[in-house]
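Novice: Now for the letters of each chain:
Number of protein chains: 2
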Amino acid sequence: MLVSQSAAFVTMLQAAAKMLSVVKTTSVSRGILLSIRHYCKKTPAKLRVSEAVSGAELGANVKVQGWVRSVRAQKSHLFLHVNDGSSLQSLQVVASSELNDPLLTFGSAVEVTGTLKKSPNQKQPVELEAEQIHIVGECNPLEFPFKIKERHGLEYIRQFPHLRCRTNAFSSLLRIRSEATTAVHSYFKENGFLQIHTPVITSNDCEGAGELFKIEPSGPDYEEEEHFFSVPAFLTVSGQLHLELMSGAFSKVYTFGPTFRAENSQSRRHLAEFYMVEAEVSFAQSLEDLTKVMEGMFRSATEHVLAHCAEDLDLFHKHVTPGHRAIDILNRSSENFAFPTDAAAVDLLVPGVGELCGGSLREERLDLLRARLQQYLDLRRFGSVPHGGFGMGFERYLQCILGVDNIKDVIPFPRFSHSCVL
Amino acid sequence: MLVSQSAAFVTMLQAAAKMLSVVKTTSVSRGILLSIRHYCKKTPAKLRVSEAVSGAELGANVKVQGWVRSVRAQKSHLFLHVNDGSSLQSLQVVASSELNDPLLTFGSAVEVTGTLKKSPNQKQPVELEAEQIHIVGECNPLEFPFKIKERHGLEYIRQFPHLRCRTNAFSSLLRIRSEATTAVHSYFKENGFLQIHTPVITSNDCEGAGELFKIEPSGPDYEEEEHFFSVPAFLTVSGQLHLELMSGAFSKVYTFGPTFRAENSQSRRHLAEFYMVEAEVSFAQSLEDLTKVMEGMFRSATEHVLAHCAEDLDLFHKHVTPGHRAIDILNRSSENFAFPTDAAAVDLLVPGVGELCGGSLREERLDLLRARLQQYLDLRRFGSVPHGGFGMGFERYLQCILGVDNIKDVIPFPRFSHSCVL
Chain A
1 MLVSQSAAFV
11 TMLQAAAKML
21 SVVKTTSVSR
31 GILLSIRHYC
41 KKTPAKLRVS
51 EAVSGAELGA
61 NVKVQGWVRS
71 VRAQKSHLFL
81 HVNDGSSLQS
91 LQVVASSELN
101 DPLLTFGSAV
111 EVTGTLKKSP
121 NQKQPVELEA
131 EQIHIVGECN
141 PLEFPFKIKE
151 RHGLEYIRQF
161 PHLRCRTNAF
171 SSLLRIRSEA
181 TTAVHSYFKE
191 NGFLQIHTPV
201 ITSNDCEGAG
211 ELFKIEPSGP
221 DYEEEEHFFS
231 VPAFLTVSGQ
241 LHLELMSGAF
251 SKVYTFGPTF
261 RAENSQSRRH
271 LAEFYMVEAE
281 VSFAQSLEDL
291 TKVMEGMFRS
301 ATEHVLAHCA
311 EDLDLFHKHV
321 TPGHRAIDIL
331 NRSSENFAFP
341 TDAAAVDLLV
351 PGVGELCGGS
361 LREERLDLLR
371 ARLQQYLDLR
381 RFGSVPHGGF
391 GMGFERYLQC
401 ILGVDNIKDV
411 IPFPRFSHSC
421 VL
Chain B
1 MLVSQSAAFV
11 TMLQAAAKML
21 SVVKTTSVSR
31 GILLSIRHYC
41 KKTPAKLRVS
51 EAVSGAELGA
61 NVKVQGWVRS
71 VRAQKSHLFL
81 HVNDGSSLQS
91 LQVVASSELN
101 DPLLTFGSAV
111 EVTGTLKKSP
121 NQKQPVELEA
131 EQIHIVGECN
141 PLEFPFKIKE
151 RHGLEYIRQF
161 PHLRCRTNAF
171 SSLLRIRSEA
181 TTAVHSYFKE
191 NGFLQIHTPV
201 ITSNDCEGAG
211 ELFKIEPSGP
221 DYEEEEHFFS
231 VPAFLTVSGQ
241 LHLELMSGAF
251 SKVYTFGPTF
261 RAENSQSRRH
271 LAEFYMVEAE
281 VSFAQSLEDL
291 TKVMEGMFRS
301 ATEHVLAHCA
311 EDLDLFHKHV
321 TPGHRAIDIL
331 NRSSENFAFP
341 TDAAAVDLLV
351 PGVGELCGGS
361 LREERLDLLR
371 ARLQQYLDLR
381 RFGSVPHGGF
391 GMGFERYLQC
401 ILGVDNIKDV
411 IPFPRFSHSC
421 VL
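Heads up: the sequence lines are chains A and B, in that order.
First residue of the first sequence: 1, per the numbering used here; consecutive thereafter.
First residue of the second sequence: 1, per the numbering used here; consecutive thereafter.
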């Protein structure tokens with residue numbers, strides 16, 4: 001249907017709509033009425049599902065876009081659940097059964113226009129009374145690897161790295177991961193730490209550790225002998241060196257990004273690419289200066305996730321990893337957070353996860369340092385100060401608060417030996 | 001001086017202090033008095049320089065730690081400026097000349113204890129009246145590459161990648177970079193985008209583009225033929241593919257992290273490792289759906305930096321890159337932000353910087369796609385939706401708002417052909 005934008009045409013449609021609205025609507029007249037309404041009203045506001053289910057927009061004419069999570073056709077009515085990833089909750093859509101379509105399947109993408117109404121359902125107090133349902137993208141439910149109303153395990157969904165974000169479990173995980181990331185940054189910012197983007201590529205080979213990845217250009221013109229960077233270059237295993245030198249100007253610095261190990265392991269504990277939070281504090285004189293920061297970060301991130309991802313956490317606690325509650329871990333952590341292991345180092349070990357955090361006071365005295373790098377020595381020559389730092393494996397943190405066994409289930413795109421999918 | 005913590009000892013000291021405080025203080029008695037005060041008072045609060053200069057703690061007994069930026073000894077008084085990287089401003093320290101020491105040099109690290117006072121100086125309304133100055137780390141001013149009261153150019157300081165954070169220009173840059181990073185994340189969060197950690201290591205070779213870095217383990221046991229990941233693996237050139245698949249569950253997603261090009265160029269425009277902001281929006285139907293996001297991000301990041309880094313920006317505008325003002329760029333951007341180049345793509349070009357942002361609507365129709373990846377095709381089979389996205393080079397953004405010519409000056413640790421220092 002082509003619609004002219006002219007005022008005359010709209011006036012005509014408005015008159016027709018008024019006329020039709022007093023007639024007892026037959027299925028045909030109702031269809032016409034809805035089409036006309038669609039063009040007469042202001043463009044409906046586009047809402048995310050999380051905004052729609054909040055109840056703040058009751059009575060509003062809205063448009064919601066997302067993916068069908070359930071379809072139930074009754075004689076006179078059609079019920080859909082539509083999810084757009086903005087929250088675990090889906091929006092219930094109620095439509096006349098005339099709007100049903102065989103292409104409205106689990107997994108299909110839809111755009112629904114209608115009015116937000118109070119629902120008689122206690123669990124879902126808001127529903128969308130649909131005037132129009134547009135199927136944006138089809139989905140053959142026989143080919144789609146996830147089945148309606150089935151709760152697939154983490155191992156099953158891990159086989160579909162490109163689609164697992166369409167499941168409740170993994171989309172909850174990614175929302176929690178995103179919020180925890182925000183919380184870590186907020187904690188450091190509020191406590192006067194400067195964020196440093198430490199490099200992924202480094203020439204520092206950390207005393208020849210065997211588990212480094214080396215990098216070189218892949219092009220055909222490239223000759224192995226002449227390194228691209230003039231020196232051998234590797235993927236970083238830690239931003240500590242870079243943070244140490246920055247702490248000599250900013251006192252408190254941190255970094256949060258990917259680090260790498262070429263560890264030939266398929267175990268549930270190891271990834272070749274994983275995220276680390278690392279911090280460095282100048283003028284630190286005791287381990288307590290570090291453990292205070294470690295504990296503060298852990299508490300504040302976990303409290304933030306508890307406050308902002310209650311539903312998503314609940315899904316994990318009830319269905320994905322039952323019996324494992326983040327709030328219990330937080331409470332236990334306040335009793336005995338850190339376990340000093342010698343005079344100047346500290347580790348935080350978590351059952352089932354391993355070392356979550358490791359920190360130490362650094363050696364700041366020039367004459368005791370055996371580092372080969374001139375730059376590293378320079379740092380101690382020009383205004384050296386006692387300092388210390390720590391690192392926390394971010395995936396291990398997520399495993400810890402969620403009770404997830406396999407580290408591959410808490411990172412969007414896991415990389416490990418023999419696997420680099422996508 | 002060894003001090004017992006016993007209450008009796010403290011009481012005795014308090015009495016002595018009271019007695020001494022009514023005696024006209026000679027240099028010796030003053031020294032004793034200060035030492036006694038030091039042990040009698042509560043431990044002085046540790047303050048950052050930015051907190052001290054704010055004036056909120058006037059009258060308080062405090063401890064400030066940082067690096068000496070200037071030393072001026074008069075007959076009776078010693079004046080220092082101490083900077084700890086928390087802001088561009090340094091704290092003026094005033095001490096009796098008895099506290100002077102030949103080791104109090106430009107660049108040395110100090111811990112100063114004393115009382116915050118109102119200063120007669122209009123430009124620096126707060127000063128620290130020092131009771132004690134402890135030299136934490138020495139600095140030989142003849143060997144230190146930066147000289148007191150000299151304004152070194154960006155090219156000069158670039159030669160000292162491990163120390164350039166000790167200069168005003170580069171520490172300002174890093175504070176601005178950190179704030180701009182925060183602002184980018186805030187913008188996306190406030191607008192309902194989920195942050196995705198897209199991988200650095202990828203098996204997607206982007207149709208064999210020649211400028212990829214390949215990665216392999218560096219250990220001696222490793223044989224070239226059997227790839228660590230079973231397939232050839234590369235450093236990512238873009239997170240677009242990963243974002244596209246995530247946008248099929250969350251509607252709006254973004255990533256902000258390092259990307260890589262093995263471009264054999266020493267030009268002022270190219271880095272081998274640089275940061276990109278990339279976003280992907282589902283149900284996008286026109287370029288305007290993207291340009292709105294691009295413009296929103298640009299405006300909101302720049303406004304945040306203007307509001308939170310006024311002094312640091314001012315330094316750039318006045319001394320580092322004179323004549324180039326972020327506010328002017330922001331104002332101009334509101335007149336004509338984006339320049340569509342064809343039916344479905346948009347680029348934002350900035351004079352002197354090049355392409356800052358590039359975006360396009362993606363091809364969502366299955367039968368038109370020629371991608372070889374089964375996964376990529378799957379994305380179009382199961383609930384495909386029209387979508388689009390864009391990427392912005394973060395270093396180019398910083399160059400743009402700061403007027404910095406060389407991209408190596410806006411990243412903490414630049415990597416480019418023949419250079420991977422630290």
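Among the hints, a few may not be true.
[What the hints assert, rightly or not] With the C-beta cut set under 10 Å, the calculated list includes, among others, these residues of chain B facing chain A:
{"id": "1", "residue": "45"}
{"id": "2", "residue": "109"}
{"id": "3", "residue": "110"}
{"id": "4", "residue": "111"}
{"id": "5", "residue": "221"}
{"id": "6", "residue": "233"}
{"id": "7", "residue": "242"}
{"id": "8", "residue": "253"}
{"id": "9", "residue": "273"}
{"id": "10", "residue": "275"}
{"id": "11", "residue": "330"}
{"id": "12", "residue": "332"}
{"id": "13", "residue": "384"}
{"id": "14", "residue": "420"}
[To be verified] Straight-line alpha carbon distances no greater than 20 Å define the calculated PhoX-like cross-link-like pairs of lysine-lysine that follow:
{"id": "15", "chain 1": "B", "residue 1": "189", "chain 2": "A", "residue 2": "189"}
{"id": "16", "chain 1": "B", "residue 1": "46", "chain 2": "A", "residue 2": "46"}
{"id": "17", "chain 1": "B", "residue 1": "46", "chain 2": "A", "residue 2": "292"}
{"id": "18", "chain 1": "A", "residue 1": "63", "chain 2": "A", "residue 2": "117"}
{"id": "19", "chain 1": "A", "residue 1": "189", "chain 2": "A", "residue 2": "63"}
{"id": "20", "chain 1": "A", "residue 1": "147", "chain 2": "A", "residue 2": "123"}
{"id": "21", "chain 1": "B", "residue 1": "189", "chain 2": "B", "residue 2": "292"}
{"id": "22", "chain 1": "B", "residue 1": "189", "chain 2": "A", "residue 2": "46"}
These are computed hints drawn from the structure, not numbers from a lab.
These numbers were taken from a predicted model, which means no experiment stands behind them.
Positions of the beta carbon are idealized from the N, C-alpha and C atoms, including for glycine.
Novice: Decide, hint by hint, whether the structure agrees.
Specialist: The hints, checked one at a time:
1. 45: violated (14 Å)
2. 109: holds (4 Å)
3. 110: Holds. Min distance 9 Å.
4. 111: The hint holds - residue 111 of chain B has a Cβ within 10 Å of chain A, the shortest such distance being about 7 Å.
5. 221: Because about 8 Å separates residue 221 of chain B from the closest Cβ in chain A, which is inside the 10 Å limit, the hint holds.
6. 233: holds (5 Å)
7. 242: holds (6 Å)
8. 253: Holds, because the Cβ-Cβ distance from residue 253 of chain B to chain A comes to roughly 9 Å (cut-off 10 Å).
9. 273: holds (5 Å)
10. 275: With a minimum Cβ separation of about 6 Å from chain A (threshold 10 Å), the hint on residue 275 of chain B holds.
11. 330: Violated, about 23 Å.
12. 332: It is violated, given that the least Cβ distance between residue 332 of chain B and chain A is near 28 Å, above 10 Å.
13. 384: holds (4 Å)
14. 420: holds (4 Å)
15. B:189 x A:189: holds (16 Å)
16. B:46 x A:46: violated (50 Å)
17. B:46 x A:292: This hinted pair holds, its Cα atoms lying about 15 Å apart.
18. A:63 x A:117: holds (13 Å)
19. A:189 x A:63: The given pair, whose Cα atoms are some 37 Å apart, is violated under the 20 Å limit.
20. A:147 x A:123: Violated - the C-alpha atoms of residue 123 of chain A and residue 147 of chain A are around 23 Å apart, more than 20 Å.
21. B:189 x B:292: Cα-Cα ~15 Å, so holds.
22. B:189 x A:46: Distance of about 18 Å is within 20 Å: holds.
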